[in-house]
Amino acid sequence: MQWGSLAEFFAMGGYGLYVWPSFGVTALCMGGEVFAVWRRHAAAAGSRDES
Amino acid sequence: MFQTVALSGSRGERQLFSDVSVTVKPGTLLAVVGENGSGKTSFLRMLCGLLSPDGGAILWQGKDIRQLKELYSAQLTYVGHLNGIKDELTPVENLTVSASLAGDESSGAIVQKALEAVGLVRPVHRLPTRVLSQGQKRRVSLARLWLSTRPLWLLDEPFASLDAAATSYLTQRLHAHLNNGGMVVVATHQEIAIPTDSIQHLRLTR
Amino acid sequence: MFQTVALSGSRGERQLFSDVSVTVKPGTLLAVVGENGSGKTSFLRMLCGLLSPDGGAILWQGKDIRQLKELYSAQLTYVGHLNGIKDELTPVENLTVSASLAGDESSGAIVQKALEAVGLVRPVHRLPTRVLSQGQKRRVSLARLWLSTRPLWLLDEPFASLDAAATSYLTQRLHAHLNNGGMVVVATHQEIAIPTDSIQHLRLTR
Amino acid sequence: MSGTGINWFKYSSPQALYPLAGRMIPWFAALALGLIGVGLYVGFFVAPTDVTQGDAYRIIFVHVPAAWMSMFLYVIMAIWAGLGLGLNARPSFMMAQAIAPTGAMFTFLALFTGSMWGKPTWGAWWVWDARLTSELILLFQYIGIILLRSSIDDLRRADRASAVLALVGVINVPIIYFSVRWWNTLHQGASVSITAAPTMAGTMVTAMLVMMFGFWMYSIAVTLARMRCVIVERERHPSWGKQASMPDAVEAR
Amino acid sequence: MSQPSMSEALRGVIRRDLLLAMRHRSDVAMSVFFVVIVASLFPLGVGPESAVLRVIASGVLWVTALLACLLSLGRLFTADYLDGVLEQTLLIPQPLAVLVVGKVFSHWVISGLPVVLLSPLLGLQFGLSGDSLWVLTLSLLLGTPTLSMIGAIGAALTLGLRGSGLLVALLVLPLFIPVLIFGAGAVTNSLAGIGSEANLSLLGACFLFSFAFAPWATAVALRIALE
Amino acid sequence: MSQPSMSEALRGVIRRDLLLAMRHRSDVAMSVFFVVIVASLFPLGVGPESAVLRVIASGVLWVTALLACLLSLGRLFTADYLDGVLEQTLLIPQPLAVLVVGKVFSHWVISGLPVVLLSPLLGLQFGLSGDSLWVLTLSLLLGTPTLSMIGAIGAALTLGLRGSGLLVALLVLPLFIPVLIFGAGAVTNSLAGIGSEANLSLLGACFLFSFAFAPWATAVALRIALE
Ligand code: HEM
Ligand SMILES: Nc1ncnc2c1ncn2[C@@H]1O[C@H](COP(=O)(O)OP(=O)(O)OP(=O)(O)O)[C@@H](O)[C@H]1O
Ligand SMILES: Nc1ncnc2c1ncn2[C@@H]1O[C@H](COP(=O)(O)OP(=O)(O)OP(=O)(O)O)[C@@H](O)[C@H]1O
Ligand SMILES: [Mg+2]
Ligand SMILES: [Mg+2]
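Protein sequences appear in the order of chains A, B, C, D, E and F.
Going by this note's numbering, the residue at position 35 of the first sequence is 35; the numbering climbs one at a time, nothing skipped.
Going by this note's numbering, the residue at position 122 of the second sequence is 122; the numbering climbs one at a time, nothing skipped.
Going by this note's numbering, the residue at position 55 of the third sequence is 55; the numbering climbs one at a time, nothing skipped.
Going by this note's numbering, the residue at position 44 of the fourth sequence is 44; the numbering climbs one at a time, nothing skipped.
Going by this note's numbering, the residue at position 44 of the fifth sequence is 44; the numbering climbs one at a time, nothing skipped.
Going by this note's numbering, the residue at position 128 of the sixth sequence is 128; the numbering climbs one at a time, nothing skipped.
Treat the hints as calculated values from the structure; they're not laboratory data.
Computed from a predicted structure; not experimentally measured.
Virtual Cβ for every residue (Gly too), placed ideally from N, Cα, C.
Treat each hint with caution, since some may be false.
What the hints assert, rightly or not - Label pairs and their computed distance ranges (CB to CB):
#	chain 1	residue 1	chain 2	residue 2	range
1	C	Lys113	F	Ser201	46 to 56 Å
2	F	Glu8	C	Thr167	27 to 37 Å
3	A	Ala36	E	Leu121	16 to 26 Å
4	D	Ala16	A	Gln2	45 to 55 Å
5	C	Pro123	E	Glu227	13 to 23 Å
6	C	Arg203	A	Arg39	40 to 50 Å
7	F	Ala192	E	Glu227	51 to 61 Å
8	E	Ala51	A	Ala43	46 to 56 Å
9	C	Pro123	B	Arg203	14 to 24 Å
Just chain A, with the same shape it has in the complex (with noise of 0.2 Å):
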């Protein structure tokens, strides 16, 4: 293990503005995919029960 305090693993050597929104956009993506993808089924599912 490389990383010497919480803030040295932050930090990327220098690079975390760069590698941490790849990977926090990577995430919200996906994260925001299931839970569109959630949404749109309790839609589609709710409405055919009351219909």
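Using the hints provided, position chains B, C, D, E and F with the ligands relative to the given structure of chain A.
Leaving out everything else, chains B, C, D, E and F with the ligands in the frame of chain A:
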């Protein structure tokens, strides 16, 4: 009262009609008849003010419609050859928008009633108009007459592609309008079931 | 001989008709009637092969039209809701092109005779179709029937916006075609003046 | 074209698929979570800092899997589309429909993470490099397919029109790749090239591969889930046909 | 007698057009992607050197905005003309020029606004930075409504004519040129470090001028087209 | 039974389309003017330095050709669709793909050929000379038919859809890109003194490839659109 005075009109190099003077009194219907291409549509568009006459004048309550402009537009409802509805909108949306643009009431209930009056059933109200059949589209267009409070109606072949049921709905509606003191001008190839004392015919020839 | 076997069709979520089996023998006419939106147009387009059925089959001389493909297209003439003519071309040009595409004779004299047969006078032959009236355009479209030598005719509301004269020309032409052993399918809201023994009705309901 | 003996595909299959997909999703989702978790751990805590690029290289752990999935998913989507056209099979069209948004998302992610990587290494957010350009065009193709589908509301036409487009597009992808590559290399010397990546340490490759499999499992899971949405929506908007209700569908929820 | 007020009629027209656009939300998305794609075509044709790209950036983006406006002009009146809605619009008892303003506004929201919002991103692709990016956006914000306004005249004049897509381009492009020159000039000046205020105020003047005259000219052209 | 031969049908389709174009001879003139105007916009947007202009010449002219093709795609099937002629075309007893070739050919004659014929002149405007001018013309001659062919697929897929002008652009532009790259590349290479044969043969290959597949795909798309 609505009058044409020595009206004449032409399209391209053809003189379609000349010296037409008719008077439409409140409570009466003017049926414009004639062969294909005799100039019925052109005559009606002239009455709307969409086409300018070659000579003569059109008078509304004794005043020339070229002077009245928007004041005259506010008196009439025109249903043309073309339906004047948006294919992508549903019948309800189409009717709501056009009623509100005309300044008529356009609440959901009233629009719904108008659509039912022309014989369109509920599920059809919410489809895009594009998928409707020819006759159903025509009915949507005609439903505007159930919302209109204007005194003068100008209708171009309203019965085309309507079935028997729709034809009778429309005839009844025209009847009611005339009884209210309205005026109607219709271009048509069909007989209209209206008492003879409230109808007069204008025959255009080719 | 022309047959549908247990044909069923739908548009969008609506089942329009199901299990329709009719046989059209040479020399007979099938009139498809029904209210607005009952599926007449869809039925006719299916018979043309433009729309695929949900179930069942359409047979020409006993063979499925899906197998025959172009061979079947060569047997029919279709006049739809839309006129299928180019607004910018004159009636003569329109007819010449569509006849030659159909493989029919398309000499000037024949085309001219066809246009006269639908009651279009000479000066009109050379105007761009765009300026013609609704009924005149329809006549140009129908003039194709005077050139067609195909045995099967599929006509969608051919009488719409025709005047009395044109209606009778067309009726006579249908009559002649049937006497020659032709077959006709017509969707219409009007009565057709054809002897009852050569006509059968198919009523679609909503 | 329709109704010739393949009714099994047309009608029974979606009903069978719905619960089947429902049973498969948890497994793939779990696999995806596990793999991505392991990949992230190895990527951040085991793999060493790169000698030339420093820690910026760690973007590779999302960038390459995303880029790879974007192309892979396009091909899979086109295969389903082709199957749909050939067999007139609705489930195939539905699979194609379900894949497109995920593919577009990964394409976007490849572009985004790529330009995040580009700034520190090349000094620019964007250069007109061959691979970048072709990835951008791939995004356009995805978007075209999605928009074409959403502009058509007759489902039958929507399915088949977007399938034709997907197939035409799949022919275009390799052509684009090579044309763009050639265009670029002829113009200027390879001043920027991402193939010149340093030989990577074994743990780096491991992390990248694990992440790649994780993304793959994720794609399967989310695609199946979207497929279930599509099934339900089409049943509700049944331009797809007058079929019986789906009893097991409710229970599987 | 029933008669809608002017603002009611205006709102009605805008509402229908935006409703139509929202019917397929993809319509608006389309303008966006069109701009992105066309802007990306140029580097593919011209080559990837960033020095060249930066020089041509303002020209390319402005021409793109202009084409996006042009391509969507067909939608402005043609559909209404074909289905008879335009005929009905002419019969609405309000000055036609006011209704035209409503239609032009919806057109701008659908075709112009997305370009404005996207321009910073596209500028980045072409290597623009900081100040020039903002000048680019501002110039587009001031210029695109003028384009829609002028375009409406051309669209009305060519209504119902064959091949009117190209004809309208012919009529309208020469009128667009001043806007293009001021707009692209603003960016070029800011790249060169010269102030771009003069160009921007000229753009503003163009807007006011077209706002005063274009709706009226369009209304006249519409009446002629429908005779 | 009466049935036209394949070449008769093909000729019939071409004849009608060219007749329509000749009816208003201005239609063809329009493609020409469109290209001239758009090509002239760039010097206005970019600035007059001739060094820059020469570098961007091939890109700009190719993008222009591509846009001219795009703008006229609307004419390819839409008019026929609206007036019912397309329906009738589908019923002609000949393979639809063959008839599609006829329509695409007329489209190219009207929208592509004028650009090809004009290109030497426009090339001169941008400071191209001698050899490069010929390469430009030749590349356009080889490339524009491919554009029409690919464009037809897009036009058929979007037939009758709202806002299809922009939608078709979206679908078709990514497919145009290889042609753009090879075409513009040929000119750039010849400017740089590198041989342009490779690019030209690639353009030829693209043409053959699209000729083999596009009419068939278009026919499928048309049938789908008319269902
Ligand atoms: C917007 C910018 C970028 C895009 C769209 C992009 C796109 C892609 C694509 C499509 C691939 C997969 C190609 C294949 O496996 O053959 C890939 C792989 C890769 N990219 Fe990027 N990339 C971008 C920026 C970068 C940058 C800035 C770097 C590093 C300096 C980089 C490094 C890599 C590496 C190392 C691989 C995998 C190794 C290989 O397959 O050659 N990329 N990228
Ligand atoms: N430019 C022109 N040159 C010559 N004649 C023209 C021109 N424009 C229109 N016409 C003629 O004017 C007439 C227009 O008639 P109009 O459309 O008013 O007829 P209509 O009575 O409504 O017919 P229909 O019953 O068929 O609807 C047609 O006979 C047409 O041929
Ligand atoms: N996507 C859809 N969803 C629901 N219903 C649809 C859809 N598409 C078409 N329809 C319905 O299918 C029917 C089409 O009918 P068609 O055009 O064949 O009628 P028609 O008998 O020719 O009527 P007309 O006499 O008015 O011409 C209409 O009732 C229409 O509402
Ligand atoms: Mg008429
Ligand atoms: Mg019908």
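Results of checking the hints against the structure:
no.	hint	in the structure
1	C:Lys113 <-> F:Ser201: 46 to 56 Å	55 Å, holds
2	F:Glu8 <-> C:Thr167: 27 to 37 Å	34 Å, holds
3	A:Ala36 <-> E:Leu121: 16 to 26 Å	23 Å, holds
4	D:Ala16 <-> A:Gln2: 45 to 55 Å	51 Å, holds
5	C:Pro123 <-> E:Glu227: 13 to 23 Å	22 Å, holds
6	C:Arg203 <-> A:Arg39: 40 to 50 Å	47 Å, holds
7	F:Ala192 <-> E:Glu227: 51 to 61 Å	57 Å, holds
8	E:Ala51 <-> A:Ala43: 46 to 56 Å	51 Å, holds
9	C:Pro123 <-> B:Arg203: 14 to 24 Å	22 Å, holds
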